[in-house]
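Since the structure of chain A is already known, use the hints to place chains B, C and D with the ligands on it.
Residue numbers (our numbering), protein chains in the order written: chain A, 18 to 289; chain B, 18 to 289; chain C, 223 to 353; chain D, 223 to 353.
Treat the hints loosely; a few may be bogus.
Pairwise CB distance ranges, derived in the manner of DEER restraints [as the list claims (entries may be wrong)]:
(1) N219/B to C269/D: 41 to 51 Å
(2) D75/A to S226/B: 34 to 44 Å
(3) S226/B to K227/D: 30 to 40 Å
(4) I335/C to S185/A: 41 to 51 Å
(5) D238/B to S328/D: 30 to 40 Å
(6) T313/C to M293/D: 55 to 65 Å
(7) E277/C to K227/D: 27 to 37 Å
So the derived list for chain D, only partly shown, Cβ under 8 Å to chain B, looks like this [as the list claims (entries may be wrong)]:
(8) G234
(9) F236
(10) M251
(11) Y272
(12) M273
(13) G312
(14) Y315
(15) G324
(16) S332
Quick caveat, the hints were computed from the structure, so don't treat them as lab data. Idealized CB from N, CA, C, for every residue including glycine.
Residue strings, one per chain:
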Amino acid sequence: MMSHVPLLGLAVDHAKKEEEYFKPVFNAFDVSKKWIEDINPDAIILVYNDHASAFSLDLIPTFAIGCAAEFMPADEGFGRREVPIVPGYPELAWHIAQSTILDEFDITIVNKMDVDHGLTVPLSLMFGEPDEWPIPIIPLAVNVIQYPPPTGNRCLNLGKSIKRAVGSFPENKRVVIFGTGGMSHQLQGRRTGLINQEFDTNYLDKFGSAPEELAKIPHEDYLRLAGSEGIELVMWLVARGAMNERVREIHRHYHVPISNTAIGHLILENEI
Amino acid sequence: MMSHVPLLGLAVDHAKKEEEYFKPVFNAFDVSKKWIEDINPDAIILVYNDHASAFSLDLIPTFAIGCAAEFMPADEGFGRREVPIVPGYPELAWHIAQSTILDEFDITIVNKMDVDHGLTVPLSLMFGEPDEWPIPIIPLAVNVIQYPPPTGNRCLNLGKSIKRAVGSFPENKRVVIFGTGGMSHQLQGRRTGLINQEFDTNYLDKFGSAPEELAKIPHEDYLRLAGSEGIELVMWLVARGAMNERVREIHRHYHVPISNTAIGHLILENEI
Amino acid sequence: MAVSKTYLDIPGTFVFDAEHSRLGYPLNMFCMSLSKEENRSAFTEDCKSYMNRFEMTEAQKQSIRDRNWNMMLEQGGNIYYMLKLAGADGTPYEQVYAAMSGDEPSDYRSMMIGGGRLPEGNLYKSDWAKK
Amino acid sequence: MAVSKTYLDIPGTFVFDAEHSRLGYPLNMFCMSLSKEENRSAFTEDCKSYMNRFEMTEAQKQSIRDRNWNMMLEQGGNIYYMLKLAGADGTPYEQVYAAMSGDEPSDYRSMMIGGGRLPEGNLYKSDWAKK
Ligand SMILES: [Fe+3]
Ligand SMILES: [Fe+3]
Numbered sequence: 018m019m020s021h022v023p024l025l026g027l028a029v030d031h032a033k034k035e036e037e038y039f040k041p042v043f044n045a046f047d048v049s050k051k052w053i054e055d056i057n058p059d060a061i062i063l064v065y066n067d068h069a070s071a072f073s074l075d076l077i078p079t080f081a082i083g084c085a086a087e088f089m090p091a092d093e094g095f096g097r098r099e100v101p102i103v104p105g106y107p108e109l110a111w112h113i114a115q116s117t118i119l120d121e122f123d124i125t126i127v128n129k130m131d132v133d134h135g136l137t138v139p140l141s142l143m144f145g146e147p148d149e150w151p152i153p154i155i156p157l158a159v160n161v162i163q164y165p166p167p168t169g170n171r172c173l174n175l176g177k178s179i180k181r182a183v184g185s186f187p188e189n190k191r192v193v194i195f196g197t198g199g200m201s202h203q204l205q206g207r208r209t210g211l212i213n214q215e216f217d218t219n220y221l222d223k224f225g226s227a228p229e230e231l232a233k234i235p236h237e238d239y240l241r242l243a244g245s246e247g248i249e250l251v252m253w254l255v256a257r258g259a260m261n262e263r264v265r266e267i268h269r270h271y272h273v274p275i276s277n278t279a280i281g282h283l284i285l286e287n288e289i
Numbered sequence: 018m019m020s021h022v023p024l025l026g027l028a029v030d031h032a033k034k035e036e037e038y039f040k041p042v043f044n045a046f047d048v049s050k051k052w053i054e055d056i057n058p059d060a061i062i063l064v065y066n067d068h069a070s071a072f073s074l075d076l077i078p079t080f081a082i083g084c085a086a087e088f089m090p091a092d093e094g095f096g097r098r099e100v101p102i103v104p105g106y107p108e109l110a111w112h113i114a115q116s117t118i119l120d121e122f123d124i125t126i127v128n129k130m131d132v133d134h135g136l137t138v139p140l141s142l143m144f145g146e147p148d149e150w151p152i153p154i155i156p157l158a159v160n161v162i163q164y165p166p167p168t169g170n171r172c173l174n175l176g177k178s179i180k181r182a183v184g185s186f187p188e189n190k191r192v193v194i195f196g197t198g199g200m201s202h203q204l205q206g207r208r209t210g211l212i213n214q215e216f217d218t219n220y221l222d223k224f225g226s227a228p229e230e231l232a233k234i235p236h237e238d239y240l241r242l243a244g245s246e247g248i249e250l251v252m253w254l255v256a257r258g259a260m261n262e263r264v265r266e267i268h269r270h271y272h273v274p275i276s277n278t279a280i281g282h283l284i285l286e287n288e289i
Numbered sequence: 223m224a225v226s227k228t229y230l231d232i233p234g235t236f237v238f239d240a241e242h243s244r245l246g247y248p249l250n251m252f253c254m255s256l257s258k259e260e261n262r263s264a265f266t267e268d269c270k271s272y273m274n275r276f277e278m279t280e281a282q283k284q285s286i287r288d289r290n291w292n293m294m295l296e297q298g299g300n301i302y303y304m305l306k307l308a309g310a311d312g313t314p315y316e317q318v319y320a321a322m323s324g325d326e327p328s329d330y331r332s333m334m335i336g337g338g339r340l341p342e343g344n345l346y347k348s349d350w351a352k353k
Numbered sequence: 223m224a225v226s227k228t229y230l231d232i233p234g235t236f237v238f239d240a241e242h243s244r245l246g247y248p249l250n251m252f253c254m255s256l257s258k259e260e261n262r263s264a265f266t267e268d269c270k271s272y273m274n275r276f277e278m279t280e281a282q283k284q285s286i287r288d289r290n291w292n293m294m295l296e297q298g299g300n301i302y303y304m305l306k307l308a309g310a311d312g313t314p315y316e317q318v319y320a321a322m323s324g325d326e327p328s329d330y331r332s333m334m335i336g337g338g339r340l341p342e343g344n345l346y347k348s349d350w351a352k353k
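For reference, chain A alone in the conformation it holds in the complex:
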């Protein structure tokens, strides 16, 4: 059994550290940086979405798990992002892949994949600008661009299956899982700029205590109430599912706006 599956819900995309504007958010991460340094986990499962970098409309996996030994930062049109190569964890990633497929999740196994800002920005927020990332990463890409993404319920259940997988890994490892994306935002159309603080607050309130309730939110409600890109929040539920039923909140931060987005940030730990 693993001793610990804490969760970290990150919600910053597209952030540029150098800008003054972002300072309050980066400051909020000081707590989180300290927290992960203390936890010092053996692996991070990073639930994120690819933004037309590794995948395109030619091939859209609903869930894809990165099993490679390393992942190159993607060239998103400005050359590769100047961050360290992302180290993988093939043994554990393959174990999760095999285990979740036998558990009837239809995951796509990926052995070669570039990872874009969706994965590397959360790392930068948590670890700053090191020469090497300090912890191996298992990328778990979720389709949230092509409608329909997986349902919230499916995401929560995948998380539960991942928890079982990590629990049955022959070695006892401390694993942290990041759920990224969201919170409410809309990047397109005449309604662009929609932010729903009430929706987000409710989500943050229930995330620890009543995830099954959040898992019932239909796609249409995300799209309507949290903005067309707010549907990324289903990715948080994968991370939540991987935790115990009972969790305690270690840290919470909510801020509007970063660019066009409400950003929320939550650290939970398992109650044992």
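Relative to chain A, chains B, C and D with the ligands alone:
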């Protein structure tokens, strides 16, 4: 509701029509050719596996559905197979993709894909050598090369979800589904050449009447009893799941060997 | 499972569903191609013949030539793909958002800093019809 | 779900699971590359430097040089990939099967025409140990 979801279990791979050796098998397809001509369906869903042509170890989708308007025959090392371009059916394929994802199957949507002999050989067997394939095809690729493939139960349930999807398509269409692959065979190692006629006969006997029982067969039993490549039989269960609970057998043929493989061939129609 | 499209009454929003994705395929793949330097150069040098590499409709090409972001969306564009065109142009994303919203960039920025567009009055097409 | 590997006691069989796939990745990707004419030519012209494009172990390269199919399997080869090498060589698949089985091609063919290898005595490693 759709009026009809017949199933065709095909099990010939790697066959070369010109060889005398294959004549008995091709003759057995005369019934099937006549049958499909009479049915004259609006679409064929073709459940098959890719043989390192469209996919590789770099990316292994458990289930992938082809939503493109057409699919090129793959170059498998001898130039593209000289068969017509495979026409797709984007409206229905996308409908199935959306519907099964909302139904919590984690399908990979594919909009560009070459199709190899796993898909085109069954077409040749059913339609001979036409200038154009007479019916649009929806390719459904299943991973059966990388262990673990989806469980038999998962395949059967995907079939049921496909049935619901076809049933909710706004237009009433006659759809045939081909399950391909199998039957018992082993292509590798010192045990190569294993054929298990008892296993195959039991499979054919229960396929119509007791698919839930077959869906419980664990992977290990396929590997041990039906040969390491016999596990391809799980693909038949997708097709079976897409049919009514009660079906009638229209045609059956079983022959050993084609090359290294026991070939079985079964046509079922829904009991209404 | 039947696919209901009740999301169609969300105002000012394009849900990137099957219909949109099929319509927008060539436009989005065009945008994505601009991630590569060599493609950006080819596009800059001769935008007409570069665009012809993709099987876009005349309306799609027009929307690109005009950098008319809402028209791209109507023609099946997906914002994540479209932002690659903005990136290639060096256009700040905020400018694209403001353009789609129909506001002046400074007004748009003020709205965002003030907490963004409120949900009230922005959830149903019928809300907007009243305006 | 725990991943049990009770299939390891099937005789004369390599299950292409995670361990095998990781081990065989460069060998299989090498084989797959031979689907392309240009790669086949490059391999034929200078097999050593062509093989060096893939990060194979010495044992993997040896198994390829020797066309030792069972050794390829031991080194993580997957038969569907390996058959691309046979295809590039123009070796009939039946010859590969016979070679792996350890039989003379004519004996192997007779066995297949006679109904194939029987399951009896071929289901457990312990069956083979008795022989
Ligand atoms: Fe995002
Ligand atoms: Fe096969």
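Outcome of the hint check:
1. N219/B to C269/D: 41 to 51 Å: holds, 47 Å
2. D75/A to S226/B: 34 to 44 Å: holds, 41 Å
3. S226/B to K227/D: 30 to 40 Å: holds, 33 Å
4. I335/C to S185/A: 41 to 51 Å: holds, 49 Å
5. D238/B to S328/D: 30 to 40 Å: Given a distance of about 33 Å, which is inside 30 to 40 Å, the answer is holds.
6. T313/C to M293/D: 55 to 65 Å: holds, 57 Å
7. E277/C to K227/D: 27 to 37 Å: violated, 49 Å
8. G234: holds, 3 Å
9. F236: holds, 6 Å
10. M251: Nearest chain B Cβ about 6 Å off; hint holds.
11. Y272: violated, 15 Å
12. M273: violated, 17 Å
13. G312: With a closest approach of 10 Å, the G312/D hint is violated.
14. Y315: holds, 7 Å
15. G324: holds, 6 Å
16. S332: violated, 11 Å
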